[in-house]
Structure formats: C-alpha cells, structure tokens
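Colleague: Counting from 1, position 107 in the sequence shown corresponds to residue 107 in this note's numbering; the numbering is continuous, with no gaps.
What the hints contain is simulated information worked out from the structure, not anything from laboratory work.
Quantities reported herein were computed from a predicted structural model and do not represent experimental measurements.
Incorrect hints may have been included.
With beta-carbon atoms standing in for the labels, derived distance ranges [to be verified]:
id	residue 1	residue 2	range
1	Gln70	Lys92	20 to 30 Å
2	Val114	Ile10	45 to 55 Å
3	Glu7	Lys76	38 to 48 Å
4	Lys92	Asn56	15 to 25 Å
5	Asp86	Asp57	12 to 22 Å
Note that the Cβ used here is the ideal one computed from N, Cα and C, for glycine as well.
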Amino acid sequence: MGKYTEEFLIQVAYLYYIKEKTQNEISKELKLNQTTISRILQEAKEKGIVKFSIKNDTYTDLLGLQSYIQEKYQLKKVLIVNQKMDVSADEKLFEIARKLVQYFYEITYNGSVVGVDGGGLLEKNNEFRS
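Please take these sequences and the hints and turn them into a complete structure.
Modeller: So this is what it looks like as structure tokens:
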C-alpha cells in the first residue's frame, strides 16, 4: 500500500490531468517537491485511478502492430496503411502512395535527392507531387 490515500492521489491527478497544472505548480500548491508529485501520478496510474484511452481503436491497433513489427525486426521505421476491404486495387495503391509521400516529406528537406524504383507506386507518387 502506498504512502498516500486514494483521495490524495485523485486530487493530484485531477490537478494535473483535468486542471492541466504543471507538476511544479502542484508541488508549490501542496508544498511537496516535484519528484514526489511525479511519483504520486505514477502511483495513481498503477492503481488504476488514472486511465488513458484514445478514441480510434482501429488506428491504435495499427500503431500497436507497427510498434511490434518495429521492435521484433529492429527496424527504424514501419509504415502501415489502413485500408478497407471493399476498395479497388487502384484505391489501395493510391493510399500506399499517399503514405509514402507523407513519409518522404517527413525525412527530406528542400534540395534533397531521392532515388526510387517501384513501378506503379512511383506513378501514384507523382499524382501527389503535382
């Protein structure tokens, strides 16, 4: 059992997550050091007082899969394209190309030269560049 009551854990969590006060502000208000506030917030998570959720389950599942593949194969970056089953092959290819272009924008800068070979994907990629 922790050093603090459940009510106190809730109070600190409320100030931090709902009122959006910084740990420093909370530490001054409650006359505790910032490290203690951090530990209290961690304890609140561990005891299930604080729970986090992200609205889009499908996308978070994809992020979990992406993370799993990245760790398992020790990859620097994994891109997963969320696709519906009832779309045409062209639409699927278009979404893959869109994701690829988005990634290129993240990793390149003005004046970068990128060599790509890929046939159909390269054609779809050009649709985004214009």
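Colleague: So which of the earlier hints does this model not fit?
Modeller: none
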